[in-house]
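For chain A, the structure is supplied; the task is to place chain B on it using the hints.
Protein chains in written order, with the working numbering: chain A, 148 to 532; chain B, 45 to 304.
Just so you know, the hints here were simulated from the structure itself, not pulled from any lab data.
Any given hint might turn out to be false.
[Stated by the list, open to error] Calculated lysine-lysine pairs in the DSSO-like style (CA-CA distance at most 30 Å, straight line):
(1) Lys-252/B x Lys-103/B
(2) Lys-119/B x Lys-185/B
(3) Lys-157/A x Lys-309/A
(4) Lys-154/A x Lys-521/A
(5) Lys-119/B x Lys-182/A
(6) Lys-521/A x Lys-369/A
(7) Lys-182/A x Lys-129/B
(8) Lys-129/B x Lys-418/A
(9) Lys-521/A x Lys-157/A
[Said to hold, decoys possible] Not everything, but these chain A residues come out facing chain B in the computed CB check (under 10 Å):
(10) Leu-273
(11) Pro-334
(12) Asn-487
[What the hints assert, rightly or not] Some chain A residues flagged as far from chain B (calculated, every beta-carbon gap over 10 Å):
(13) Ala-152
(14) Val-169
(15) Asp-224
(16) Phe-285
(17) Gln-305
(18) Pro-310
(19) Trp-318
(20) Ser-372
(21) Asn-409
(22) Gly-428
(23) Trp-472
We treat Cβ as the ideally placed atom computed from N, Cα and C, and that holds for glycine.
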Amino acid sequence: MLELAVKGDKKYWAWIVALLAVIGGAFLLYLWQLKFGLGITGMSRDVSWGFYIANFTYLVGVAAGGVMVVLPYYLHDYKAYGRITVLGEFLAIGAIVMCLLFIIVDLGQPMRILNVWLYPTPHSVLFWDTIVLNGYLFLNLVVGWNVLEAERNNVHYQSWLKPFIYISIPWAVSIHTVTAYLYCGLPGRGFWLTAILAPRFLASAFAAGPALLILLCLFVRKISSFDPGREQIQALAKTVAYAICVNVFFFLCEVFVAFYSNIPEHMDHLKYLFAGLHGHGLLVPWMWASLLLMVVGIIMTVNPATRKNETTLAWACVVIIVGTWIDKGLGMISGGFVPNPLHEINEYAPTLPEIGITIGVYAAGALVLTILYKIAVGVKEEVRA
Amino acid sequence: MDSSRRSVLKFFGLTALGLAAKPVFNAFAGEHGKSAMHFEKGAEALKAKQWAMVIDTRKFESPDELEPIIEACNKAHNIPRFENKNHEIKWIWETEYHNAFPQMPNRFLSEEAEQRPYLVLCNHCENPPCCRACPTQATFKRESDGIVIMDFHRCIGCRFCMAACPFGSRSFNFRDPRPFIPELNHDYPTRMKGVVEKCNFCAERLAKGLEPACVEASGGAIVFGDLYDPESEVRKLLRENYTIRRKQSLGTEPCVYYIV
Numbered sequence: 148m149l150e151l152a153v154k155g156d157k158k159y160w161a162w163i164v165a166l167l168a169v170i171g172g173a174f175l176l177y178l179w180q181l182k183f184g185l186g187i188t189g190m191s192r193d194v195s196w197g198f199y200i201a202n203f204t205y206l207v208g209v210a211a212g213g214v215m216v217v218l219p220y221y222l223h224d225y226k227a228y229g230r231i232t233v234l235g236e237f238l239a240i241g242a243i244v245m246c247l248l249f250i251i252v253d254l255g256q257p258m259r260i261l262n263v264w265l266y267p268t269p270h271s272v273l274f275w276d277t278i279v280l281n282g283y284l285f286l287n288l289v290v291g292w293n294v295l296e297a298e299r300n301n302v303h304y305q306s307w308l309k310p311f312i313y314i315s316i317p318w319a320v321s322i323h324t325v326t327a328y329l330y331c332g333l334p335g336r337g338f339w340l341t342a343i344l345a346p347r348f349l350a351s352a353f354a355a356g357p358a359l360l361i362l363l364c365l366f367v368r369k370i371s372s373f374d375p376g377r378e379q380i381q382a383l384a385k386t387v388a389y390a391i392c393v394n395v396f397f398f399l400c401e402v403f404v405a406f407y408s409n410i411p412e413h414m415d416h417l418k419y420l421f422a423g424l425h426g427h428g429l430l431v432p433w434m435w436a437s438l439l440l441m442v443v444g445i446i447m448t449v450n451p452a453t454r455k456n457e458t459t460l461a462w463a464c465v466v467i468i469v470g471t472w473i474d475k476g477l478g479m480i481s482g483g484f485v486p487n488p489l490h491e492i493n494e495y496a497p498t499l500p501e502i503g504i505t506i507g508v509y510a511a512g513a514l515v516l517t518i519l520y521k522i523a524v525g526v527k528e529e530v531r532a
Numbered sequence: 045m046d047s048s049r050r051s052v053l054k055f056f057g058l059t060a061l062g063l064a065a066k067p068v069f070n071a072f073a074g075e076h077g078k079s080a081m082h083f084e085k086g087a088e089a090l091k092a093k094q095w096a097m098v099i100d101t102r103k104f105e106s107p108d109e110l111e112p113i114i115e116a117c118n119k120a121h122n123i124p125r126f127e128n129k130n131h132e133i134k135w136i137w138e139t140e141y142h143n144a145f146p147q148m149p150n151r152f153l154s155e156e157a158e159q160r161p162y163l164v165l166c167n168h169c170e171n172p173p174c175c176r177a178c179p180t181q182a183t184f185k186r187e188s189d190g191i192v193i194m195d196f197h198r199c200i201g202c203r204f205c206m207a208a209c210p211f212g213s214r215s216f217n218f219r220d221p222r223p224f225i226p227e228l229n230h231d232y233p234t235r236m237k238g239v240v241e242k243c244n245f246c247a248e249r250l251a252k253g254l255e256p257a258c259v260e261a262s263g264g265a266i267v268f269g270d271l272y273d274p275e276s277e278v279r280k281l282l283r284e285n286y287t288i289r290r291k292q293s294l295g296t297e298p299c300v301y302y303i304v
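This is chain A alone, in the form it adopts within the complex (with noise of 0.2 Å):
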């Protein structure tokens, strides 16, 4: 099926073209990190991780997110997802080797990266995580291709598959709850150790998951004779506007044990995020934002009108998208760790260097994404045709 990705237009060259460019320049920004070390970031002693591990948290959310059409389809045999379930899929390869790239570019010596396999740490968290992210980009690459190609060849995938799927959807929900065990279970800092934090990212995942999804299948449609289908769309619309709910409802569930239980080491992490705590609030505008752009998802997806019309629930999605990855991407990691142990106040900001290793991050993800998905289209415009 790979010969697919190497037939296409004019414009799908120039892209493909733009994302080795991009990831060509943010390549060498990685080269420069790694001849002086991660100190051309913005982190710190006190804020020691940032934008790549916030990043890295929000792309196990995007990862995890495929399930919500993998599940109803091979559970609830909701067959109108058969036409998509691939396309969830390879958005969650896509997003896997984000954060795969993301874990490496923050290590501080990457040319040790094995010594996690090679020192096998059980009590760690890190090491499940790595288990577990692994784990899900081998099952979606086994599972996805497979049932890719049996549509293609005209024949039902193949039985020993079944197993595979099964586990993949228990498997979703793990990536996530060990990236979120990661934070949580760590004691003295007050923000992160709160037992809603897993599925408080889960919930942030299916809004922010599928809501890229839909703009993806509105996006094949639009470029492709395969039309992903206005049914497949209107139901994924559906799981973003229950899960975009259940994470603000799981946030004002944060705000109120903290603020009403009164206890300062976790109200500080939320004063320092939405009012600034002693004249230090670099985050305040974006955590309001943030909210704000929340609460516009959900009357958007949630309305009928809004959610029904497909222009407006494009819009939908990506305010929820922007919202959700303020959330996570800026206000979780940085806001876990202001203010410090010794409750001194370092604010972090990224640095220019560390936004374009990013943006490179990104465009290999994109990269990863375009090939996937110009093969899944392409079997697709072939049996239909």
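Frame of chain A, contents of chain B only:
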């Protein structure tokens, strides 16, 4: 074609067999004779079940008095000095009461106690969250004496330990520290960029029968000893004085005690 496939399969089969068999050979090799390399602590080494420290904060009045203590550590461990605060490396440093003990912000505290300078360093916790978090066991609790120690050569620089430490005791080499070391001490290794580091309770000095550098420089204000030896100087101080520890409620069991 067929024969070449067979030879490839053979090659992989033998490789797999070899890899699988190696640990078995190692096990047998281990039984005969000792390995050529053999390390053990010198006869003069100080030993303990769990090293602990008591800092008598009453003996410090101004930050100037802490300066030589911190300097002794910095010198002994080749700590670099950076202009950029983001890149800072700190093993032991001075802070204020409400920063050292943010969970005990007593109001209307005795002015004298509140204005004293406080030394903070790695607590060498008995249940260290940093060691739990490390994915490569590059940081671990040494079984022989309870020191939480680092293997700078194994650390991958993921900084999970820094997020896990509730005391902010760990530093990361955001850039090559070597050009920024004021005065090189050849008895202790320098670090490279991209690895985490922190106080090691002067494990290298204990092995030679010396007390930690900060203890030596403190003129008796810091006392070091075995927490599980009822006769140790540390236990004597704990018996006779009211002491506190940083963030005791987290259950990490810090081994640095403060007389306030």
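Right, here's what the structure says about each hint:
no. : hint                  : in the structure
1   : Lys-252/B x Lys-103/B : holds (28 Å)
2   : Lys-119/B x Lys-185/B : holds (24 Å)
3   : Lys-157/A x Lys-309/A : violated (39 Å)
4   : Lys-154/A x Lys-521/A : holds (9 Å)
5   : Lys-119/B x Lys-182/A : holds (27 Å)
6   : Lys-521/A x Lys-369/A : holds (13 Å)
7   : Lys-182/A x Lys-129/B : holds (20 Å)
8   : Lys-129/B x Lys-418/A : holds (24 Å)
9   : Lys-521/A x Lys-157/A : holds (14 Å)
10  : Leu-273               : holds (4 Å)
11  : Pro-334               : holds (4 Å)
12  : Asn-487               : holds (5 Å)
13  : Ala-152               : holds (28 Å)
14  : Val-169               : holds (25 Å)
15  : Asp-224               : holds (40 Å)
16  : Phe-285               : holds (20 Å)
17  : Gln-305               : holds (24 Å)
18  : Pro-310               : holds (25 Å)
19  : Trp-318               : holds (20 Å)
20  : Ser-372               : holds (41 Å)
21  : Asn-409               : holds (14 Å)
22  : Gly-428               : holds (19 Å)
23  : Trp-472               : holds (21 Å)
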